[in-house]
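Asks: Okay, here's what each chain looks like letter by letter:
Protein chains: 2
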Amino acid sequence: MRGKQFVIFGLGRFGISLATTLSEAGYEVMVVDKCEESIQEIAPFVTHAVQADAADMDTLKSLGIRNFDVAIVAIGKDIQSSIMTTLLLKELGIPYVVAKASSEIHERVLRKIGADRIILPEQEMGIRIANNLISGNILDHIQLSSEYSIIEMGILPEWRGKSIIELDPRGVYGINIIAVQRGGVIDISPSPNYILEQEDTLVVVGSNKQIQILEAKRYGK
Amino acid sequence: MRGKQFVIFGLGRFGISLATTLSEAGYEVMVVDKCEESIQEIAPFVTHAVQADAADMDTLKSLGIRNFDVAIVAIGKDIQSSIMTTLLLKELGIPYVVAKASSEIHERVLRKIGADRIILPEQEMGIRIANNLISGNILDHIQLSSEYSIIEMGILPEWRGKSIIELDPRGVYGINIIAVQRGGVIDISPSPNYILEQEDTLVVVGSNKQIQILEAKRYGK
Ligand SMILES: Nc1ncnc2c1ncn2[C@@H]1O[C@H](COP(=O)(O)OP(=O)(O)OP(=O)(O)O)[C@@H](O)[C@H]1O
Ligand SMILES: Nc1ncnc2c1ncn2[C@@H]1O[C@H](COP(=O)(O)OP(=O)(O)OP(=O)(O)O)[C@@H](O)[C@H]1O
Ligand SMILES: [Ca+2]
Ligand SMILES: [Ca+2]
Ligand SMILES: [Ca+2]
Ligand SMILES: [Ca+2]
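Chains as they are written, first to last, in UniProt numbering: chain A, 1 to 221; chain B, 1 to 221.
This is chain A alone, in the form it adopts within the complex (with noise of 0.2 Å):
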């Protein structure tokens, strides 16, 4: 069985990052740029790199971009060429396609011509780090969906000496306890009968609800 083989198109800092990330984990990687100064500064790192117009079919044709698993287009500001490399891909028939969004209303022309997933990469890093910040974690809080999250999280005072059965997480918070780590020792399934000191730090999942309440316990707010 052959590794997936991946071509991107773009190379700003999400592009160059991304196709270096995939290349050293050992896959195939071509990458494509109109500007030939970025292609040569990748052509090391990269198993193909090919100075070109993503946004034309004859291109992408003679490049023999329809054997590729998973194309990337990373292509933000001019979005035209974004629009047009990404409906050119999946025109090719691409499985895969991932595209960058600079915007939500280009997001939506994206979702519109086919693109199989879209990243916001400047918005979904807003939000990733305000989540950080606000649960002061070391562990990101973790978005299972729109409905449910994975946080870690230190015990609220009126918890301490209690065991997990009487505290009772999933009736009274409806989380449920994941782990718990003390003194560095993470325990995956810790017994209904664990009592809880101060200084553990727990790792739950809930609703996004749920642990916005428990953590404004938490900061008292």
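Treat each hint with caution, since some may be false.
All copies of an identical chain are treated as equivalent in the list; a pair is satisfied when it fits inside any one copy or across any two copies.
[Claimed, not checked] Here are the simulated DSBU-like pairs of lysine-lysine, each with C-alpha atoms no more than 35 Å apart in a straight line:
(1) 77 x 90
(2) 4 x 217
(3) 90 x 217
(4) 4 x 209
Derived by calculation from the structure, the hints in this document are not laboratory data.
Take the given structure of chain A and dock chain B with the ligands to it, following the hints.
Replies: Structure of chain B with the ligands alone, referenced to chain A:
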């Protein structure tokens, strides 16, 4: 105990997303941008929105910035403004200053002048999405510690039609199933009698070793 107060300088996409996320979570958020239009657009969504040049000590003092717990410098392109603002904030004694960098040189300068945390949104998202494309999951591979991770995975062919209790994921694979997703709906505490089907996506926690073994089975590596 009052909640943390945040001040954000620069309303690019990252800054806007950060400010509105913090604000929606119920925190006091002040934003500062030199562009009047950006300020007017965000004003309804934050506690205070002020049109001003951030890279000016008198301005920062007159805005009472020294009372904030966390300052985020979300100025990207204007590197001089980003550096000046970060320096002034540390001189004012803000305990935690987060700064956005647009390149690695920019990052090194911010570190030297005392930024407590530096974010490169485009580059970090590039790495995240690359890892995400490699593992083929929607959810990232989340490292809980050097020993344990949380991942999202499809089911192994031999799990089809089995209940969770029959499968005995903890006994056989050393993993716990935290959540099951079917048809877009997530169940964060599936019953032991839940029958696994081909289309299910599982969120599991386990040791890195066990997870690697499972992923190797799934991808036939
Ligand atoms: N039609 C095109 N064909 C090939 N490459 C293109 C085309 N249009 C734009 N590009 C390339 O896309 C790259 C990224 O473009 P741009 O600077 O707009 O991205 P960005 O979204 O600002 O990037 P960042 O990830 O740094 O935020 C540039 O190197 C540019 O040369
Ligand atoms: N000295 C300054 N004082 C206040 N605001 C400033 C200053 N310099 C720049 N800004 C503001 O910072 C904001 C973000 O700037 P810029 O467009 O460079 O960010 P960016 O990094 O490209 O953003 P994005 O997150 O969209 O990638 C702009 O709205 C700009 O008006
Ligand atoms: Ca090839
Ligand atoms: Ca205030
Ligand atoms: Ca930018
Ligand atoms: Ca950008």
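Asks: Could you run down the list of hints and mark each one as holding or not?
Replies: Hints and how they fare:
1. 77 x 90: Close inside one copy (21 Å) and across copies (33 Å); limit 35 Å.
2. 4 x 217: Between copies, since 13 Å is at most 35 Å while 46 Å is not.
3. 90 x 217: between (48 Å within a copy, 30 Å between copies)
4. 4 x 209: For residue 4 and residue 209, the Cα distance is within 35 Å only across copies (20 Å; inside one copy 38 Å).
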